[in-house]
Amino acid sequence: MAMNYILFAFFSVMAIGCSILMVTRRNIVHSAVFLIGALLATAGIFLQLQAEFLFVVQIILYVGGIMVLFVFVIMLVNLDVSMRLVQFNRQKWAAGVLALVLGAQVLFALWIGRGELRLPAPAVDVSPKNTEAIGQALFQHYMLPFEIASVLLLVAMIGAVVMAKRRV
Amino acid sequence: MTDTRTSGLSNVETTVLGADEIILNMGPQHPSTHGVLRVKLKLDGERVVDSECIIGYLHRGVEKIAEHRSYQQFAPYVDRMDYVAAVSNGLGYCEAVEKLLGAEAPPRARVVRTILTELQRIASHLLWLGTHALDIGALTPVFYCFREREEILKIFEKYCGARLTTHAFRIGGLQYETYDGFESDVKRFCEDFTHRIDEYETLLTENRIWVGRTKGVGILSAADAIALGVTGPVLRASGVKWDLRKAMPYAAYADYQFDIPTRPTGDTYDRYIVRMEEMRQSQRICLQAIENIPAGAIMAKVGKVLKPPPGEVYHSIEAPKGELGYYIVSDGTTQAYRVRVRPPSFINLQAFDRMARGSLVADVVAIIGTIDIVLGEVDR
Amino acid sequence: MAPVPLDNEFVERLKVKFGNAIREATLDRKQAIVNVEAMRLREISRYCRDEEKFDMLVDLTAVDWPNREKRFDVIVILYSFQKNERVRLKTHLGDGELVPSLCEVWPAANWLERECFDMFGIVFEGHPNLKRILLPEEWEGHPLRKDYDILKQDTAWVRENLGIESGQ
Amino acid sequence: MGHLIPPSILPYVLPVVYGVVIVAVLPLMAGYIVLLERKVMADMQARLGPMRVGPHGLLQPIADAVKLLLKEDIIPEKADKLMFWVAPLVSVTMALLAYSAMPFGPAFQIADLNVGLLFILAVSSLGIYGIVLGGWASNSHYSLLGALRSAAQLVSYETAAGLGLVSALLLAGSLSLKDIVQAQYDQGEWFVFSVPIGFFIYLVGSIAETNRAPFDLPEAESELVAGYMTEYSGFRWSLYFLAEYANMIIVAGIATTLFLGGWLRPFPRFADHLPGTSVEIMDAIPGLVFLGVAAYCFWLAPKQPVKIQKIVMATVGGLCLALAGAMAAALFAPEGVRQGVYGGFWFLVKVMAYLYAFLWIRFTFPRYRFDQLMRLGWRFLIPLALVNLIAVATARVASEEWGWYPRITMILATIFTLAVALWLASRDQKHEPATETAGGD
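Residue numbers (the numbering used here), protein chains in the order written: chain V, 105 to 272; chain L, 8 to 387; chain U, 32 to 199; chain G, -2 to 438.
Chain V with its partners taken away, still in its complex shape (with noise of 0.2 Å):
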């Protein structure tokens, strides 16, 4: 059970450590990368509550497919303008005190709840393993929810190719 805890702890300091340094990065390139450890720290904690498929599919979709797409339009857009941009702009108060009071909010739902804060057992054997649990779900339960999703995904995607046939 130690493990667990050792696990939970080292993934939980790397998202948020992950995050903190993705925003102050100055070198847009570096803030990618690190948005790219935070997503690895929050796979890593799927597994932990043993949603397997779900970990994996975090990394295909987030790290292998979503962010690639992103350093690729990093690279393509001259990175010298976004450099000698101020870092922080004049919101900065603002944002600091809706920080605060989120922060005090998280921090009081911790506290009410704080008896029951343990990791789940590891699941004995449950019958439809994961993966199958999410595939029956997904095309039997969820069907038509699912049906529109990829329906609007395919109108985004041809919206996207239409718009950038007629730059081309």
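It is worth saying that the hints were derived from the structure and are not from the lab.
Between beta-carbon pairs, the in silico distance windows are: (1) G/Trp375 <-> V/Ser254: 13 to 23 Å; (2) V/Gly141 <-> G/Val18: 26 to 36 Å; (3) V/Phe250 <-> G/Leu409: 24 to 34 Å; (4) U/Pro167 <-> V/Gln195: 57 to 67 Å; (5) L/Gln182 <-> G/Tyr293: 51 to 61 Å; (6) L/Ile30 <-> G/Tyr9: 51 to 61 Å; (7) L/Ile30 <-> V/Gly207: 46 to 56 Å; (8) G/Leu7 <-> V/Met267: 52 to 62 Å; (9) G/Ala104 <-> V/Gly141: 28 to 38 Å.
Only pairs whose alpha carbons sit at most 27 Å apart, straight line, appear in this in silico DSS-like list of lysine-lysine: (10) L/Lys248 <-> U/Lys114; (11) L/Lys314 <-> U/Lys177; (12) L/Lys248 <-> U/Lys84; (13) U/Lys46 <-> U/Lys114; (14) U/Lys101 <-> U/Lys162; (15) U/Lys121 <-> L/Lys106.
Backbone N, C-alpha and C define an ideal beta-carbon position, used for all residues, glycine too.
We have chain V already, so just place chains L, U and G on it with the hints.
Coordinates of chains L, U and G only, in the frame set by chain V:
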């Protein structure tokens, strides 16, 4: 994983992948520019908008030297121009001076000259095929081609002692009698060359990727070709059926049967087919010539000191790259007053801009290869 | 072997068309040479290409005869596919005189004229971009002129660009 | 031995041992694959290949490794130091990470994840970062172009390769690689025979995914010089090199597990025994193979020109003999050990065969142009993979629900997909010349 970091891709102005054009600089040290040719490409994204060839890196002033050497002394310089087809350079020069003198090489010399020139044509096309395929990414043909070329160079070495810049001919005929076993060597080479060339054809001709990379690339229409003065395989691949060996026969070509391959569209694939067919025709000429090499003298009586009567002559032969012409002006002394060489590579390279415009950067490499230039001849 | 005056229909038609612009026509070693006046070279070439079917410009070069008052010979070698014949147009040109460029008639002339300019200093009027082709742009002197000694070099250019004292 | 180690970390010991073995053997194996590649290339090109270092160049990989270690490691002056250092590490770690789920033998597998296949796909898709960051960090126009091109190529061919795999998964029913091989054993037939088009798509996709010719455009394009690796040198460059060959072995491993029956020997159910002994005929083959190799080495040994090469060749012969002895000894070993040893042998033989196909293709085909490469990926492979998926799915449904004979439905599905493939290819063929002159699509 060839590590070619020595390439001199120096100044690349303007932004990376910005909307406006980039000037991409290829050469003069570049793995696929066949020598010291520098090509400045103006790109719009991947497409070539405009191109300019910058040459002259290998300029040695051959024509100036000719004015300070006697006719015989200048003959070895001629081999250094198109160093890949030295024998045909030599043939062109010797025949031009013989025309200037009004002399004629004896029949035996003319036949042996024809055989060696045709072997040189095969060797030059083999070297072209090897490097051209290598540029487009096929790693294997280059080794097969060099294996065959080695056979030909061995024959040259046995005949005149040199492999590349052979200086095989003399003004008025030949210096050396053919070594015994010359006929059998050439016959053996020609015999097993037939199925060798079929081997290359199977490797490349129907290869979908090869066809994809060469069909429709670097198209040159017949009208453009003639207007640009392009000659040789590049002209024949654009559909013009013209070969100096048939139009104005020289040496012993008049008495051999061979046909001139032509192709309609004039793209890289057609030039490939034309050159492959030409190799077969050359091999056919060699076989016919080997049958009966006439006996007799190998040198006309032109005397030691050559003093051609004043006047001028233009004589050209069908070199592997195109029409190689010599315009020689004599003022009656032992040294030529002016020797002007019509370099086929130099004039064919001028068609590069017409072919490269509108094509992709990756095709530029294929187009340079398909024109088959040798920078020694381009720069002289 | 000395040049023999030539008189065939082709020369007749030329004389009819261009009158005294056609100076003389000779036959040297069974090759036709027609001496024409420099200023009308372009018209004569266009006529040869269109009516006389000399559709390929084989070569364009020059010969320097320093002790003649019009020192340069500009040589234009034409070839006709139909008639399978060659003809050589020759013009006499003084130093510094202009000769009309043949680029409109045959695009092949572009590089050939640039080489002539590079080696002899002959200026072709109407050439799209007449600059040196084989020698570096800043090179002084035209090597193929007879008065340009074989050992002579452009020492300034060599010292400045190659950083070495030139050969001599 | 179990009691020596405290129970709490017992489940971690075996995977760690396997991990260490794999990480140790991998560079050596990658080196010898390079030698194999150069030898096969030489053989195809009528020449000898490396012959100088050791007999027949057998010690060449070691010489290469030492050379790379000693080479100067240049960092371009304005390069982004952090990224420049991290990039090769990323691509190597991702390549090695993928070995954790690879089933080399029935027992020899670091971790049998129930999402094994997806995990390997995920990790190999992270390899793109090593390339993209490396290209960007070396701060040169050409490596950036090369990096972007190879990233685009990898992303588009991963989809095609993934869909190719899915068609095999339909037959296996589970993501865990061990179950997939078990399914092939139960069905008594390798998936390559039931889903040949899926195997073909995966073969093409995997060649493109590992940047191998004829898709090795990014680093071999004549004007991009060496693509994203241009500015790397010395040990850092060899990391990229190792990552590429490790990826090649992974891709070969996945193909073997999914399509060629993993560690199963060619006729898994054919269990006739040698007359009079308890030995199955098929199990004797590994021993005989090694015996043959050893005999060949001994036959070659005296012919070596230099004395030292004679000794080295003799030792290699001895090594093969020892292996043959081990194979023979395993015949009479208990079931677990026998399975493990022979499973490993057959797995490696299939991986080597798959890699030989890689090398063969590399030396016969010229290189694709970038737009042709993308067109092949998006216009031909991905649609074909989708159609293949649908066809195999309907075939499965047909044989399960409607009771048709499974073999027939599979063959029908394959024929249907082939027809679609021909139609797609002809459409591309017609379309291709048009794009050339029309200024591209």
